[in-house]
Amino acid sequence: MHPAGPAAAIIATLWWVLLIGATAIFLLVAGLIAWAWRRPPGEVQERRFVVWLGLAFPLVVLAALLAYGLVIGERLLPRATPDLVEVRAEARQWDWRFGYADAPGRVTENELHIPAGRPVDVAISSADVVHSFWVPRLAGKLDAVPGHVNVLRLEADRPGRYEGLNAEYNGPGYRDHRFTVIAHDAEGWQAFLRGERP
Amino acid sequence: MNALRRHRALSRIWASEPGLRGWFTTVNHTDLGRMFLAVAIFFFIVGGILAMLIRAQLASPRSAFLGPDHYNQIFTMHGTIMMFLFAIPFFEGLAVYLLPKMLGTRDLAFPRLTAYGFWCYVFGGSMMIFSLLAGVAPDSGWFMYPPLSSTIGAPGINSDFWLIGITFVEISAISAAVEITVTVLRYRAPGMSLSRMPIFAWYALVTAVMILTGFPPLILGSILLELERAFDMPFFQVAAGGDALLWQHLFWLFGHPEVYIIFLPAAGAISTILPVMARTRLMGYGWVVAAAVSLGVLSFGLWVHHMFTTGIPHMGLAFFSAASTLVAVPTAVQIFAWIGTLSKGRPSLHLPMLWLLAFFATFVIGGLTGVMVAIVPFDWQAHDTYFIVAHLHYVLVGGFVFPMLAALYYWMPHFTGRKTYFKLGNTAFWLIVPGLHGTFLLLHWAGLLGMRRRIDTYESGQGWEAINLIASISGFVMSIGFALVLIDVVINAAVAIRGSRDPWKAGTLEWAMPTPSAPYNFASLPQVTSREPLYDAPDLPVRLARGEGYLGDPSRGRRETLSVEIATGAPRYITVFPGNTFLPMLMSAVTGLFFLGMLLKTYWLVPISATGVICCALYWVWSLGGTTREGALPVGHGPELLTAGEVADPPGWWGSIFLLLANGTFFGSLLFGYIFLWTIAPNWPPPRYAEPGPDVALAALAGAGLAALGPRLRPGTGLLLLLPGLGGLAWAGIRILTRVPDPTAHAYDATLWVLMGYALLHLAVALVMALFVAARGRTGHVGAIIGGEPRIARLWSDYAVLVSGIAVLAAALPGWLT
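The listed protein sequences derive, respectively, from chains A and B.
Read in the UniProt record's numbering, the first sequence has 160 at position 160, and its numbers run on one by one without any break.
Read in the UniProt record's numbering, the second sequence has 418 at position 418, and its numbers run on one by one without any break.
Keep in mind the hints are simulated off the structure, nothing from the lab.
No false leads were mixed into what you were given.
For the chain B half of the interface with chain A, some residues (derived, Cβ under 7 angstroms), not all of them:
id: 1; residue: GLY153
id: 2; residue: VAL364
id: 3; residue: ASP384
id: 4; residue: ILE455
Ideal Cβ placement from N, Cα and C applies to all residues, glycine included.
Work out the full structure: start from the sequences and follow the hints.
Next comes the structure, spelled out in C-alpha cells:
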C-alpha cells in the first residue's frame, strides 16, 4: 500500500475506489435494515426490493466496476515498448535465481537488479513446486508453475531496494523464501551489466 | 383407535433399538440427524482449537511457540476440518433431521444410506484425527497443490491421509446428496406441490444437486493424485506430460461451488427463520427460489477466480471476473428480499433474530470484499495474503456459522422439547460477534501491507504487530463465546422446563408434531394446501395425531410412507422402509478397510475389502421387497396405491438417476482432464499414441450394440445378448491397454489406464446387476418380475455402454487425428 511503481500505484488507486464504494454500499444496507426494523408492519412493494435493489442496483454497479477493472488489467499487461528490459526469475525450494537478457550468463541469487524508470518484463518459472513472484510495492503477483513461463510487467519509479516475496505456500521454508529487488539509476544499471557491481 | 394407542403402535414399528445397540443399528433420520450434528460440532471444536493454536502462534512476532512443521500441519488441518468435517456434515445433519419433518413425511428416501453415510463420515473423520494426533497430518495447505503435495514435496504419508481420508468422507456427502434430492422430489406430504414446498427444501435441493455435480471433480483429483503418489502415474508431473495446473482446475471446479454449498443451506435457514421472527411471510418466494437456483448454476462458472495469478490469458480472466461479479446479483436479490420481509413484518429481537442481524453485518462486508477480489488487478495484489483470509472468514463465519447459530437457537426447542430458559446465549452473542470482527477486520489491512497467508511467524517492524495482537486476543474472546454456546446448549437440553409445541408460532410442518418428535414424525400424513399449513389449520397437529391424515393405520406393522408425484405432490405409491440393522455400519467399516489398505499400502487388503463391500451391497439390495404381490392397498382418504416394489419407478430408480448424475460428472471431469493435458500441458504429445486397430473398433461397436439391445428384450434372451455385449466392450478396453503397457511412462498412458479402468469397472457393475436381477426374477421377487428392478439394471448397463464407448473413442482419437 506504499506503491513505488506505476502498476502498484494503479492497483492502490483501485483499492481506495473499492473501499469507498464498499463502505457506501454497506452503510446503505445497514440503513435499510434500520429503516425496515422501525417501519410499522404492512404490505410493501415487492418489486422495489427485489427488482430495483436486488437486480438493477447491483447490475449497474458491477458492470461499471467490471469495466474499470478490465481497462486497468489491460494497462498492466506486458506489451511491447521500446525501452523494455527482460529478466528471468526461476524459483526453487527455497531460493530465487535471476538471469538477464542484456547480460547473458549473468545469474544473481535472491537479488534482482533492474533499472529504475524503465518497464521490466520478468519471465517467471519454477524448478520444482508452485511458487509465486511478488514485489508488493511494484506490482501484483504472478505464479511460478512448473513447465510454464509467466511474464509479469513491473517498473520502479525511483532507484532503491524493494522487498520481494514468494506468495504461494511451498513447504517448510516458505516464510524466508524472499528476495530483494535493487533498482539502479541509468548509470548504475550499465555498471551492473558490465559486471562492475555485484 | 385413539391417538395414544396409535402413538404406541407406531412407536413400536419405528423406534430404534434400546440402549447402546440402538446407536449402531438405527436408520431413523431423527437419530442420525442428531448424530451427524453432534459429530460435526465435535469437529468444529477440534478445528476451533487448531485456530486458537494458530492465533497463539501469530500473536507476537518471532514466536517460537510452534515450528513450521507443526504450524503447517495445523493450518492445513484447520481448513480441512472446517470445510470437510464441519460445514458440509453440519448441513447434512440439519437436512437429515429437518427435511422429512418439514416435508410432512416419515423418513428420508433411503434410511440405510443415511446411516451408511454417517458411519463413513465418522470413520473417515477418525482417520484425519488420528493423523493429527500422530503428528503426520497433511501439511500442504487445505487445497493441496501438487507438486508440493505429491511425492516431490511431501514424501511422507501426510498427503495420503488427506487424499484417502477426505475421499472416504465424501462418500457421506454424495450419499446424503442423493438422499436429499430424492426425498425433496418424491417424499412430501400429499398436495405439497413444488410451489408449496417450504423454502428450506428448495435450498436443500439446490445444495444437494450442487454436491452431486461439485464433489466429483475433487474426488477425481484426489484419486489421480493418490495414483501419482502410490503408483507413479504422472498426472501432475510436468516432465512426464502432466501439469500441476490440472489439479488447480479440478480442485477449484469443486472448491468454488463448495462455498455456495456452504452458504445456500444457511440462506435456506435465514429464509425460514427471518419471516417467523418478523411475524410475516417471506417476500418474493419465487424470486428467492430463482436466486438460489441461479446461484447454484453460476457458481460453477467462476472457479478460475482462485487462479487469477497462475498466468491464464487476461481475456480468459475477464470472463471469470464477470461471472464472479455476476454471482453477487442473486445474492443481492436474496438480501433485499429479506430486508423487504423485515420491513413488511413486525420483527422482534429474539436470539435467532440477533444472530441474523450479525449475519447481515458480517456477510455483507464479506460479500463486498468478495466483489473486490473478483476484480482481477486487485486480486493480483490481494491473492494469498491475509486480505483473503479475512474475506473468507467473513463469508464463511458470517454466511454459515452465524445463520447456523440462529438455526440452532430457532430449532433447539424442537430438538429438546424444552423452552430455552437460560440466557447464556445472549452473553455468548456479545462475545462472538465483536470477537469475529476484532479478529478479522484489521487483518484485511495486514494483508494489504504484505502479510502473506500461511507464514508461521514474522519479523517485527512491518506494521502488523498491533493488528496481530488484537486479532489474537479477539480470537480468544470469540472462542470463549463458542464455549458458552456449547454450555448453553447442554444446559438447556438437560434441565430447562418443558415448552409448548411451536413456540415461535411458525407455519411449517416440522412444528405440527409433539417435541421432541416421535420416531415416526407424523401419526398420519397431512394433506397440504398451502406453504404454511399450520397458519391455515392451527388444529392440524391434533387431527394428525388422531389419524385423520394418510397412512394413519399402523395395522400392516411396517414402516410406510407415501411417495408423491414431483410437480403436483399427488400420492403415487407406498414406500416400505427397512427396519433397524447393523448392515450400514458394517458396510462402511468394510469400506474403511478398503481405504486403509490404500493408505498403508497393504494392497492385498484392497481386493478383499472391495469384495466385502460388494457382498454387503448385494445383501442390502436383496432384502428389499418380497415375493408376494400385494396389489393396491388403502392409504386412507379414498385412493388405493401400489407399493414401491410393484411400480416402474421405485426409489432405487430415482436414486440411481442422481447417483449417475454424480458419476457422469466424475467421468466428464476425467474427460476434461484428458483434454486439458492434451491441449495445455507442456510436454505433449507423448512419444507415441495407442493406435487401436479395426478389431478394437469392431469389438466396441458390436459390444455396444448387443449390450444396448439386450436389456430391452425378454429377460432370458436379453441376458444372452447383454453378456457378450459387455464382454466385447471389455475386450476392446483391454486391447487398448496392451498398447500402453506402462502407465508410469507418460500422463497420456496414465490417463488411458484410468479411462479404461473406469469403463471396465462400470461394465463389471452392469454385469453384476444384470445377473442379480435375473436371480431375483428366478426366486420370484416381485420387484424383478413386475416392478422396476430390470429398469434400474438397464439404467446402469446403458451408462456402462455409454462411458466405455466414449472411453474407447477418446483413447483412439489422438492416434487418428495425428
